[in-house]
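**Q** Sequence:
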Amino acid sequence: MKIRQILNNNIALVDRGGNEIIVYSKGISFLKKVGQPITEAEIEKVYVLDSEDRLEHFSYLLQATDEQLIEIVNQLVTFGKTKLNTTLNDYIYLALVDHLSFAIDRSKKEQFISSPLTWNVKKFYSKHFEIGMYGLDLLHKQYAIEFPEDEAVSIALHFINQQFDEAVLTQTNSDLKTLKHILNIIKYHFNIEFDETSLNYSRLITHLQFFIERLHRKENYQEESSVLFEQVKTLYPDAFEAVQKIAIYVLGKYDQELTQDEYTYLMLHVHRVVQRRD
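Residue 365 in the working numbering sits at position 90 of the sequence shown, with consecutive numbering throughout.
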């Protein structure tokens, strides 16, 4: 491989088999010149981007970004791959360098973002949120900046976006909103705050996630256990009223009516989460 362009002491644009790639390693370009070779043994990280425009954009960013931030991004992506046990497209390095550079600039003006997805990401993408918090910790250690949790969500979304194509992500966000709306119906009906650490809350969340998936597939429980339905309805009238409100919401959003069995299971979960200890 021969050097095409030196971006800084640690990064170079090289020619590998007729393709341009970016290579990283501490001191890899130090005292070297364009046209000189670089061996595989000298390289710590290779960035392969899928278009010339992205390669050019990333090259520019790397030249304009301080070396400490590049190292932070490398550590963050490595942590993310391990945490999610997955591979990630190298485009995420470009996206994170771009995003974090701007975030640091904003912080100097005390301009911090507020994300409407903070609640959703913390509850349902906890691993991705943990990656975001790890990134904030790295930034704090290097730059002594106290970012709010919303910034961790913004970092987490880069990793979420990498794992879902646009159509799936759009559907996922829609499902998260549905889940939150149903939880709010229960919360405001009983005028309570959920104990989000409880087993019954976790069971309710799991049931609702599968319930929403069934709504998409237009599937319902069809065991026709009308006796059990009447018993539960009689035993837990408040839960029945809450599920009636959920049924109205579902009818309006999905144009589907709940079966007696869906009513029964929802009533049981609602009653447990608002009345019982684990």
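Hints were generated in silico from the structure; no laboratory data involved. These figures come from a predicted structure and were not determined experimentally. Take these hints with a grain of salt, some might be off.
As the list claims (entries may be wrong) - Simulated crosslink set (BS3-like; lysine-lysine; CA at most 25 Å straight-line):
(1) K307 x K358
(2) K455 x K356
(3) K402 x K358
(4) K455 x K493
(5) K307 x K320
(6) K397 x K462
(7) K462 x K508
(8) K308 x K358
(9) K452 x K402
(10) K462 x K520
(11) K383 x K416
(12) K397 x K455
(13) K528 x K462
(14) K493 x K528
(15) K455 x K398
(16) K356 x K307
(17) K398 x K462
(18) K277 x K320
(19) K307 x K397
(20) K320 x K308
(21) K384 x K416
(22) K358 x K384
(23) K384 x K301
(24) K402 x K384
(25) K452 x K493
(26) K455 x K384
**Q** Would you mind confirming whether the straight-line C-alpha gap from K358 to K384 stays at or under 25 Å?
**A** Violated - the C-alpha atoms of K384 and K358 are around 32 Å apart, more than 25 Å.
**Q** Need the status of pair K462, K520: alpha-carbon distance at most 25 Å?
**A** holds (12 Å)
**Q** Would you mind confirming whether the straight-line C-alpha gap from K452 to K402 stays at or under 25 Å?
**A** With Cα atoms ~19 Å apart, K452 and K402 stay inside 25 Å; holds.
**Q** Take a quick look at whether K402 and K358 sit within 25 Å of each other, Cα to Cα.
**A** holds (7 Å)
**Q** With a cut-off of 25 Å on the C-alpha distance, tell me whether K384 and K301 pass.
**A** violated (31 Å)
**Q** Holds or violated: K356 with K307, Cα cutoff 25 Å?
**A** Answer violated: K356 to K307 is near 32 Å, above 25 Å.
**Q** Given the hint that K462 pairs with K508, does the C-alpha gap stay at or below 25 Å?
**A** holds (19 Å)
**Q** Taken at face value, is the distance from the CA of K308 to the CA of K320 at most 25 Å?
**A** holds (20 Å)
**Q** Taken at face value, is the distance from the CA of K358 to the CA of K308 at most 25 Å?
**A** Roughly 38 Å separates the two Cα atoms, so the pair is violated.
**Q** Measure nothing beyond the straight line between the CA atoms of K383 and K416; if it is 25 Å or shorter, mark the hint as holding.
**A** Satisfied, since the Cα-Cα distance of roughly 16 Å is no more than 25 Å.
**Q** Given the hinted pair K493 and K528, is their alpha-carbon gap at most 25 Å?
**A** holds (13 Å)
**Q** Do the alpha carbons of K452 and K493 lie within 25 Å of each other, as the hint requires?
**A** Since the Cα atoms of K452 and K493 sit roughly 19 Å apart, the hinted pair holds (cutoff 25 Å).
Against the hints set out earlier in the document, violations occur for numbers 1, 2, 8, 16, 19, 22, 23, 24, 26.
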